[in-house]
Amino acid sequence: MSEGTRVGVVTFPGSLDDGDARRAVKLAGAEPVVLWHADADLRGVDAVVLPGGFSYGDYLRCGAIARFAPVMGEVVRAAGAGMPVLGICNGFQVLCESHLLPGALVRNDHQRFLCKDQRLRVESSATAWTSAFAPGQEITIPLKNGEGGFVADEATLDRLEGEGRVVFRYLEGNPNGSLRDIAGISNERGNVVGLMPHPEHAVEELFGPGLDGLGLFASVLSAGLRAVSA
Amino acid sequence: MGRVVIDVMPKPEILDPQGKAVVGALPRLGFDLFTGVRQGKRFELEVPGEVTPEVLEQARRAAETLLSNPVIEDVVSVRDASAAEVGA
Chain A
1 MSEGTRVGVV TFPGSLDDGD ARRAVKLAGA EPVVLWHADA DLRGVDAVVL PGGFSYGDYL
61 RCGAIARFAP VMGEVVRAAG AGMPVLGICN GFQVLCESHL LPGALVRNDH QRFLCKDQRL
121 RVESSATAWT SAFAPGQEIT IPLKNGEGGF VADEATLDRL EGEGRVVFRY LEGNPNGSLR
181 DIAGISNERG NVVGLMPHPE HAVEELFGPG LDGLGLFASV LSAGLRAVSA
Chain B
1 MGRVVIDVMP KPEILDPQGK AVVGALPRLG FDLFTGVRQG KRFELEVPGE VTPEVLEQAR
61 RAAETLLSNP VIEDVVSVRD ASAAEVGA
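In order, the protein sequences belong to chains A and B. Residues in the first sequence are numbered from 1 upward in steps of one, following my numbering. Residues in the second sequence are numbered from 1 upward in steps of one, following my numbering.
Just chain B, with the same shape it has in the complex (with noise of 0.2 angstroms):
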């Protein structure tokens, strides 16, 4: 079974309300090095065989119609995750 990983993140120009206040929040908890936090998504998308080219462009082009808005998305990343990082 193949996995693509897609990434979306807020535009850094939009305020992002949920970055926020996980910032806000941090110190409360003692961890004090950090001054920004912006909060993104993360997709895995499954397929029955192996990521080709074509399911690659497939997911990007999900990526880019469905998974993220780009009045105020971005879509940073889009890559074959099959081995690795599974995140279930």
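Chain A extracted, bound-state conformation (with noise of 0.2 angstroms):
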């Protein structure tokens, strides 16, 4: 499945780092393709990423208008078709505000914006963007956000945790008040995963704190992708 493996990644109004993501999405071996906010179509790609920014200024809540974007109800569609979708920052926001994932981000508890070099435990590898990696292998990938602060009801916390859908966990202090140190998680079925940090700005030797953001994108190359087609 890796030749030709096409991803698409959105662009919303207030978008930063699509561009990133599609460069990302390159040098890991895949084929970029830009999908448009108000286009509720997926051109044909096998996996979705979100990425980070500020879709529609953060106005109401972060993610909360990005949801009700044309190009979101395709995306749903195809999460639950088993389609690939990563979250990354405003992704995971959005993804969040889709009811994709569980919980909300809410702004950091020390209400500061953060911008860092984050050292992060992957928590699973049973997902379809963490495969590349060891299971409790620790990467450093930037992390940059005002409202970082992963929350959800305890109950929820628990599945999460007792399923194996704690995916990323911030080490070495943590950053922003989320829970149980919580940096990304995974649906049931380890097809969309959503993350604070930024793995696309870790891609590059010379840009940004390694190479450990390739794992992600690398990831999905190898991921099942059987379910794509439905």
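No lab work stands behind these hints: they were computed from the structure. Among the hints, erroneous ones may be present.
Unchecked claim - Selected chain B positions facing chain A (in silico; Cβ < 7 angstroms): (1) Pro-17; (2) Ala-21; (3) Asn-69; (4) Ile-72.
Claimed, not checked - Just a sample of chain A residues kept apart from chain B, beta carbon distances all over 10 angstroms, derived: (5) Gly-14; (6) Asp-58; (7) Val-76; (8) Arg-121.
As the list claims (entries may be wrong) - Computed list of chain B residues with no C-beta within reach of chain A, every gap over 10 angstroms: (9) Leu-15; (10) Leu-26; (11) Val-37; (12) Gly-40; (13) Glu-54; (14) Leu-56; (15) Gln-58; (16) Ser-77.
Predicted, not measured: the structure shown is a model, and the values here were computed from it. Backbone N, C-alpha and C define an ideal beta-carbon position, used for all residues, glycine too.
Two chains, two frames, a set of hints: combine them into the complex.
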């Protein structure tokens, strides 16, 4: 499936990291495909990335308006059929607002925007976006956000932990007040993953803290994309 | 013209960093009687005619689906405010 894998990257009004996400897709060996928020069309892609930024100016709530963009109806439908979907930062917020992932992201507990290289543990390699990692592997990728505090009720947190759906956890201190140090989670099937840190900014030597981000994009090349034609 | 006012508040168990920042600033200005602040949102929805039960019902559904996120927020009030308390 790796030959000619096409990965769509959605551009919303206010997306910032769509260009870097497309570049990361390309460096991982797949073909990036531009997707537009106003088109209810995934252009036949095999996987979708919702990039970081401030879609619709973060008005109302982060990701709340992007959720209703025409393209999102198709993303939700495709995700239900098993297509790999990755939400990075604002994209994670959009996935939560779309109910593709549980919980929500709230303002950092220290009330400041944060930009740093963040150490993470890959808690699960059983997702479409983390199969290239070893379980427990530690990676460093940039983290940059103002509203990155992951919250959910206790029952949801227990279920996420129990089902192995905590995919990334913050190491060396909790940067934003996220409950249980959660940096990223997946849906039950493991095809939908959201995380606050930015793997697409760690894919080239000399730019960012290393190449640890490539693993996410490499994973989707080998992911079981069999359900995609649905 | 009719107007519906909707109030949305962060859930009590959700940390409200904005409210915390405000409560920290109050005593610095001499407002020293307040020990807690929680900051929410107020929406004013306009309709061309009267606020009918149907309008209120649709406003309630809008409040629950778009204007609030039930994971972190509660809709605390949806009311006809055509006659008074216009904020604009």
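A quick look at each hint next to the structure:
no., hint, result
1, Pro-17, "holds (5 angstroms)"
2, Ala-21, "holds (6 angstroms)"
3, Asn-69, "holds (6 angstroms)"
4, Ile-72, "holds (5 angstroms)"
5, Gly-14, "holds (18 angstroms)"
6, Asp-58, "holds (13 angstroms)"
7, Val-76, "holds (15 angstroms)"
8, Arg-121, "holds (24 angstroms)"
9, Leu-15, "violated (6 angstroms)"
10, Leu-26, "holds (16 angstroms)"
11, Val-37, "holds (13 angstroms)"
12, Gly-40, "holds (12 angstroms)"
13, Glu-54, "holds (22 angstroms)"
14, Leu-56, "holds (21 angstroms)"
15, Gln-58, "holds (16 angstroms)"
16, Ser-77, "holds (18 angstroms)"
Violated hints amount to a single one, hint 9; each of the other numbered hints is respected by the structure.
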